[in-house]
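S.K.: Those protein sequence lines, which keep their order, are chains B and E.
Our numbering applies: residue 1 is where the first sequence begins, and numbers increase by one.
Our numbering applies: residue 1 is where the second sequence begins, and numbers increase by one.
For the record, the hints were derived by calculation from the structure and aren't laboratory data.
Please read these numbers as outputs of a predicted model, since none were measured by experiment.
Be aware that a few hints might be false.
Simulated restraints, written as ranges between beta carbons of each label pair [said to hold, decoys possible]:
no., chain 1, residue 1, chain 2, residue 2, range
1, B, Thr56, E, Val113, 42 to 52 Å
2, E, Thr100, B, Ser25, 51 to 61 Å
3, B, Pro7, E, Thr2, 27 to 37 Å
4, E, Ser20, B, Pro76, 35 to 45 Å
With a Cα cut of at most 25 Å, we get these calculated SDA-like pairs of lysine to any residue [what the hints assert, rightly or not]:
no., chain 1, residue 1, chain 2, residue 2
5, E, Lys40, B, His40
6, B, Lys3, B, Ile63
7, B, Lys3, B, His77
8, E, Lys53, B, Thr100
9, E, Lys38, B, Thr106
10, E, Lys38, B, Leu107
11, E, Lys18, E, Val113
12, B, Lys52, B, Gly94
13, B, Lys69, E, Lys22
14, E, Lys40, E, Asp95
15, B, Lys103, B, Met10
16, E, Lys41, B, Pro21
17, E, Lys18, E, Asp95
18, B, Lys103, E, Lys53
19, E, Lys38, B, Ile63
20, B, Lys98, E, Val113
21, B, Lys52, E, Asp95
22, B, Lys103, E, Val113
23, E, Lys9, B, Ile39
Glycine included, every Cβ here is placed at the ideal spot set by N, Cα and C.
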Amino acid sequence: DAKTTQPPSMDCAEGRAANLPCNHSTISGNEYVYWYRQIHSQGPQYIIHGLKNNETNEMASLIITEDRKSSTLILPHATLRDTAVYYCIVSRGGANSKLTFGKGITLSVRP
Amino acid sequence: DTEVTQTPKHLVMGMTNKKSLKCEQHMGHRAMYWYKQKAKKPPELMFVYSYEKLSINESVPSRFSPECPNSSLLNLHLHALQPEDSALYLCASRDPSLNTEAFFGQGTRLTVV
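If we strip away everything but chain B, and leave its shape as in the complex, we get:
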């Protein structure tokens, strides 16, 4: 699975949009981009995933560049409960696929 690179931390004000970047320059054609988050010592929680089109669900939007070498997770109206470590993972499906976590980005939402 391709590796990902994320800045170590960022913060944003409550109620504003949080834009979390991820680089995955070695992604291959059959690999999806997944985003998970982990709130202090809980199990990781799935947020969203996509292949090449932009995706939106009730939690977030995922913007993938046309060359698929980077993506941005957008939390449209961040709340204090969104403070967490966010992981961008590149993975193909299939029986023997891994879900390999990088270092993630710590998002701090300030009041």
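Using the hints provided, position chain E relative to the given structure of chain B.
M.R.: Here is chain E on its own, set in the frame of chain B:
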């Protein structure tokens, strides 16, 4: 039911003890994963089971022994652990036939004394 249930939530064991961690899901997922997570670090993949067979072992020491007795259950048997094995152990499951998300349990907090 989209839950992955891990038991126990907390475990303290001595270095000579034998214990087991349990993970259960009823989503029909045929891929199951064990991860180890040390404080302030990302989860680290240990094992992947696919269709009840071990498909990936990330060079994990033999004192950790996984077992998948059926499609809903995943165990991690622990023996002769070291204090540095103290960590949060996470289980996850996924449908291996689709490009869908994995579901994670809340983990077992293991302390080796």
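S.K.: Each hint should be assessed against the structure and marked as holding or not.
M.R.: The hints, checked one at a time:
1. Checked against the given bound of 42 to 52 Å, the beta carbons of Thr56 of chain B and Val113 of chain E, roughly 48 Å apart, stay inside it.
2. At about 25 Å, the CB distance of Thr100 of chain E to Ser25 of chain B disagrees with the hint of 51 to 61 Å.
3. With their beta carbons about 31 Å apart, Pro7 of chain B and Thr2 of chain E fall inside the hinted range of 27 to 37 Å.
4. The given range of 35 to 45 Å is respected by Ser20 of chain E and Pro76 of chain B, whose C-beta atoms sit roughly 43 Å from each other.
5. Annotation: proposed proximity of Lys40 of chain E to His40 of chain B holds, straight-line Cα distance about 9 Å (limit 25 Å).
6. In summary, the hint linking Lys3 of chain B to Ile63 of chain B is supported, as the alpha carbons are separated by about 18 Å, within the 25 Å threshold.
7. Proposed proximity of Lys3 of chain B and His77 of chain B is contradicted: the alpha carbons are some 29 Å apart, above 25 Å.
8. A hinted pair counts as satisfied when its Cα atoms are at most 25 Å apart, and Lys53 of chain E with Thr100 of chain B qualifies at roughly 20 Å.
9. At most 25 Å may separate the alpha-carbon atoms for a hinted pair to count; Lys38 of chain E and Thr106 of chain B meet this at roughly 16 Å.
10. Of the supplied pair hints, the one linking Lys38 of chain E and Leu107 of chain B holds, its CA atoms being roughly 19 Å apart against a limit of 25 Å.
11. A hinted pair counts as satisfied when its Cα atoms are at most 25 Å apart, and Lys18 of chain E with Val113 of chain E qualifies at roughly 13 Å.
12. Distance restraint check for Lys52 of chain B and Gly94 of chain B: the Cα-Cα separation of roughly 18 Å lies within the 25 Å cut-off, and the hinted pair is therefore satisfied.
13. Restraint check: the Cα-Cα separation between Lys69 of chain B and Lys22 of chain E comes to about 38 Å, which exceeds 25 Å; the hinted pair is violated.
14. A C-alpha spacing of about 29 Å is found between Lys40 of chain E and Asp95 of chain E, which places the hinted pair above 25 Å, so the restraint is violated.
15. In summary, the hint linking Lys103 of chain B to Met10 of chain B is supported, as the alpha carbons are separated by about 14 Å, within the 25 Å threshold.
16. Proximity of Lys41 of chain E to Pro21 of chain B is assessed by CA-CA distance (about 19 Å); at most 25 Å being required, the pair is judged to hold.
17. For the suggested pair Lys18 of chain E and Asp95 of chain E, the alpha carbons sit about 31 Å apart, so the restraint of at most 25 Å is broken.
18. Taking the CA atoms of Lys103 of chain B and Lys53 of chain E, the gap is about 29 Å. The hint is violated against a cut of 25 Å.
19. Between Lys38 of chain E and Ile63 of chain B the CA atoms are separated by roughly 31 Å; this puts the pair beyond 25 Å, and the hint is violated.
20. Only pairs whose Cα atoms come within 25 Å are accepted, and Lys98 of chain B paired with Val113 of chain E is rejected, the gap being roughly 31 Å.
21. Between the alpha carbons of Lys52 of chain B and Asp95 of chain E the distance comes to roughly 21 Å, so the proposed pair stays at or under 25 Å and holds.
22. For the proposed pair Lys103 of chain B and Val113 of chain E, the alpha carbon gap of about 28 Å is over 25 Å, so the pair is violated.
23. Under the criterion of a C-alpha separation no larger than 25 Å, the hint pairing Lys9 of chain E with Ile39 of chain B is consistent with the structure, at around 16 Å.
Comparing the model with each earlier hint shows violations of hints 2, 7, 13, 14, 17, 18, 19, 20 and 22; every other hint is respected.
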